[in-house]
Structure formats: C-alpha cells, structure tokens
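Student: Residues per chain, in single letters:
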Amino acid sequence: GNSVTQMEGPVTLSEEAFLTINCTYTATGYPSLFWYVQYPGEGLQLLLKATKADDKGSNKGFEATYRKETTSFHLEKGSVQVSDSAVYFCALISYTGANSKLTFGKGITLSVRP
Amino acid sequence: NAGVTQTPKFQVLKTGQSMTLQCAQDMNHEYMSWYRQDPGMGLRLIHYSVGAGITDQGEVPNGYNVSRSTTEDFPLRLLSAAPSQTSVYFCASSSYRTVWYFGPGTRLTVL
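Top line first, the protein sequences correspond to chains A and B.
So in the working numbering, the last spot in the first sequence is 114, and the numbers never skip.
So in the working numbering, the last spot in the second sequence is 111, and the numbers never skip.
This is chain A alone, in the form it adopts within the complex (with noise of 0.2 Å):
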C-alpha cells in the first residue's frame, strides 16, 4: 500500500536558519503530494503541493520538488522565522472509486527559537 515516511523530530532552529524536513514516499503511480502545517491549536493548513515529477511547490518562502527517482518532497526553507513553529506533515493523495484518501506521514514537530 502507500505510504509517507518523513524524518524523525523533533527539529530546533535558530530563527534565520536554513530548514530541510525530508519526506520519502511509497506509492503506485505518480500521486500529487503535499506539505500540510498545523500550527499550535489550529487544524491542518494546506502549505504546497506539486502534482507532476520536477514540479516545485511554493509558499510563504517553502518549497518543494517532486523527485521521482528518489521518490522525495523534501521541505525546504532559506531562513525560518519564530512564527514557523508548527508541526509539518507531508502527504500523498490516492483516488479510490468515487473518493480521495490522504496518506499522511507521522509529523514532525519545528521549534524555531529568536
């Protein structure tokens, strides 16, 4: 079946640094994937997310590329900042009949510190 492995956390950074939060998949096909935010509180929020291989997922300065020969959507940004602080889920969608279904890595929880 399918599956989304990200890297273990939890992940502390001085604001102003350089983030990557790995996420490999497992998948039939090519399925869109996504980065969701959840910050303190607060429900999942859609950050990116990239449909085809080679495409790049944008937002509040985070990117992703969908690489199909390694099967990753790594996160990434240039400088993160207090208010980054939140936990990132990287995700893949499949169709099953009439519905979609999410499949959700575990999480990784980002303090980002002044």
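These are calculated hints, taken from the structure and not from any lab test.
Cβ atoms here follow ideal geometry from the backbone N, Cα and C, with glycine treated the same way.
A hint or two may mislead.
Facing chain A, according to a computed beta carbon distance under 8 Å, are these residues of chain B, among others [what the hints assert, rightly or not]: (1) 98; (2) 99; (3) 104.
Covered by chain B, according to a simulated footprint, are these stretches of chain A (three or more residues, beta-carbon under 8 Å) [as the list claims (entries may be wrong)]: (4) 35 to 45; (5) 95 to 102.
Starting from the known structure of chain A, arrange chain B on it as the hints suggest.
Tutor: Just chain B, lined up with the frame of chain A:
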C-alpha cells in the same frame, strides 16, 4: 466563509457513553471526510462521503458511524466510547477530491 467548522473543541467521555462530533462546511463541497490523529501516527481516515446520502468506510471505521443528510453537515457518532478512541478528530472537505480543507479539530478523551 467560515470554511470547515467543528464542535465541540474538547470533550471528555466515560467508557460506554455515546456522542456526536459535529462538522459543517459552507463551501458547497461534495466530498467530506473524518480523520483521527494519534501521536506519532499521522492522520488516518475513518469515514468519508462523496455527496449527500452517500457514505463509506475508511481504514479505521470500527466504533464510528456517519450520515450525510445535507451537503453542509457530516456528523461523526461514537456509539459506545472506548479509551482507544481517545484522539484528535479532524473533519475535512474538498470540491474536486484534490485539495482538502481541514477543520480545527475536536480533542476527545475517553476515561
């Protein structure tokens, strides 16, 4: 638009009690789903609906029931609560099955 709303935000139940978690969306989305989030496990799909009157099971449906009488509402019922159902529950909706919008969640504790 309020987006996806869920009530209550927090709930404590005793084993064996029943309750309904409410979910509503005002985006006229056909697709709605319920997920549960457990520590270190990501989110798992409980039940889903592809339109009013149509529901089906996800990967962890046991102990839960759903119905979809209107496009807007998709309540999740716990029939007889068990400690294993302690979790955070998220409702989500989508218009084209690609991008899903999540509610703020309900944190449920079963004693």
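Student: Does each hint fit the structure? Answer for all of them.
Tutor: Against the structure, the hints come out as follows:
Proximity of residue 98 of chain B to chain A holds as hinted, the smallest CB-CB distance being about 7 Å (cut-off 8 Å). Evaluation of the residue 99 of chain B hint against chain A yields a held restraint, the C-beta minimum of about 6 Å falling below 8 Å. Because the smallest distance between the Cβ of residue 104 of chain B and any Cβ of chain A comes to about 4 Å, under 8 Å, the interface hint for this residue holds. Coverage of the region 35 to 45 of chain A by chain B holds. Counting CB-CB distances below 8 Å, 6 residues qualify, and the rule asks for three or more.
Three residues within the 8 Å Cβ limit are the bar, and the region 95 to 102 of chain A against chain B gives 7, so the coverage statement holds.
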